[in-house]
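Residues per chain, in single letters:
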Amino acid sequence: MKGYSRSDGRVGIRNVVLVVYLVECAHHVARAIVEKSVDENGPVELVGFPGCYPNDYAFLMMERLLTHPNVGGILLVSLGCEGFRREALEKVVAESGRPVDTLVIQHTGGTKKSIVSGQESVKTIAKSIKMAPIVEMRLEDLIVGTVCGGSDGTSGISANPAVGRCFDYLVNAGATCIFEETGELIGCEDVMADRAATPELALEIRGAIAKAERYYKAMGYGSFAPGNADGGLTTQEEKSMGAYSKSGDSKISGLIKPGDIPNQSGLYLLDVVPDGDPLFGFPNISDNAEIAEMIACGCHLILFTTGRGSVVGSAISPVIKICANPETYEMLADDMDINAGRIITGGASVDDVGEEIVTEVLAVAGGAMSLSEEMGHREFILTYKRFEPIGPACLPGR
Amino acid sequence: MNFIASVSAELESVQGMGKGQSTIEEESKNCFVRLHRDDNVLVCCRAVNRGARVNAYGRSLTVDADIHVGHKIAFEEILQGDKVKKYGVSIGSMTKHVKPGAHVHVHNLKSDYIPSHTRDDAVRD
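As they're listed, the protein sequences go chains A and B. Our numbering applies: residue 1 is where the first sequence begins, and numbers increase by one. Our numbering applies: residue 399 is where the second sequence begins, and numbers increase by one.
If you're looking for bench data, these hints aren't it; they were derived computationally from the structure. Predicted model, so just to flag it, every value in this text is computed and none were measured. Take these hints with a grain of salt, some might be off.
[To be verified] Below, simulated DSS-like cross-link-like pairs (lysine-lysine); rule was C-alpha separation at most 27 Å, straight line:
id	chain 1	residue 1	chain 2	residue 2
1	A	217	B	497
2	A	217	B	481
3	A	251	B	483
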């Protein structure tokens, strides 16, 4: 595998120019810049934060996302009066050695002039990152995340165990793997605590699941969608056990929160449920919010298992779609990279599909596009949250 | 046996059973899998209609509803208040008493943690 070498020592599998709106008011201008730039300048992608109120979590997420190893250069698009600390963000990005420019719509003279100016900036940035040095990439440099979306009764018996096998292989080979959604691990605390690297970490994991249960109870809804029930899942804990099988059998090396980047290989659990009383509402309003958080923890690519049939991709890191349900695969084959439904119809074993997923990971890391990536799916959402920093017991290896 | 190994072994042995059989009745060719030996429900791998007879793990069960892929049926009689076991762990409590072969889902099984919701619930709210 080869990758793009970045100044912090990390290696990326893509070399993307990001156009970043810092408030919804700047969204249209940013989108127009991307639409007009994307054909001539290599990958140019749109991300942003819609809120005007400041938020530490949103700032940290932007810091991590904009300095992700898959990202080569950045254009910030500000309206001018919003709360986002654009100067501080530009400074962090510049210090990472990446070309960065800030466009302030109110200073540039409005929509039309800003779009023209933005296109110029993107052209310059794209040109300068073409020279990004390419190096050998080892599995030790790779961080892979997994999420499930549109789960049903097949997810936990086909796609998820197959991802678990893939994770076992990757962790064994020195890569870093992250699984998440503590809200969907309610009911799994005992089995997970057994796998924790230390007893103190086991306690932290139990604490995180208990927090998730309290939080979702306060919200009045679990992390459960009507489609889950249509597809045979009945309870939160049933969904959780199925989801849990994505993590494989490796020992759990640490518990991290969005923006924490593991500095040692191994398997990590990402706690996505905010700390304290609910302040900003539902934790991850749809699947792409979790994907963005995994990317902020350094994930180069995402393994996405689905029963009902999600079609999303993501900005910054490609998404590999693994379909759990054979009937869904029939309907949505063009969107599904891997058909794990064969485990249910008898065409393949969990091990077979696990191996296929590993092969696909290496291919996509090496530059091949996933199906959602090829189709142009670059979804991104970022909302308000609040987190306390993780304690020392959460990363025992450090 | 670890969790994934036992689930995948079960699926493989069920597929093997299905392939070898040559029977006349449609009901016998169905495929239901028990993911763990302690489970009291089976997961559907091939859809069957209401009234179909399912032969699995030495028992003959008649299903009481159309069962789609991914859905569960009771492997044995389950009493109201009993825990339903899947993957070898409890996935909730029965709210009604059911016979073997009954569809087990939101109408008779509830979470011990957090209630589930469907699009119909949203309309009622």
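Worksheet item: Which hints from the list above does the structure break, by number from lowest to highest?
Response: Number 1 only.
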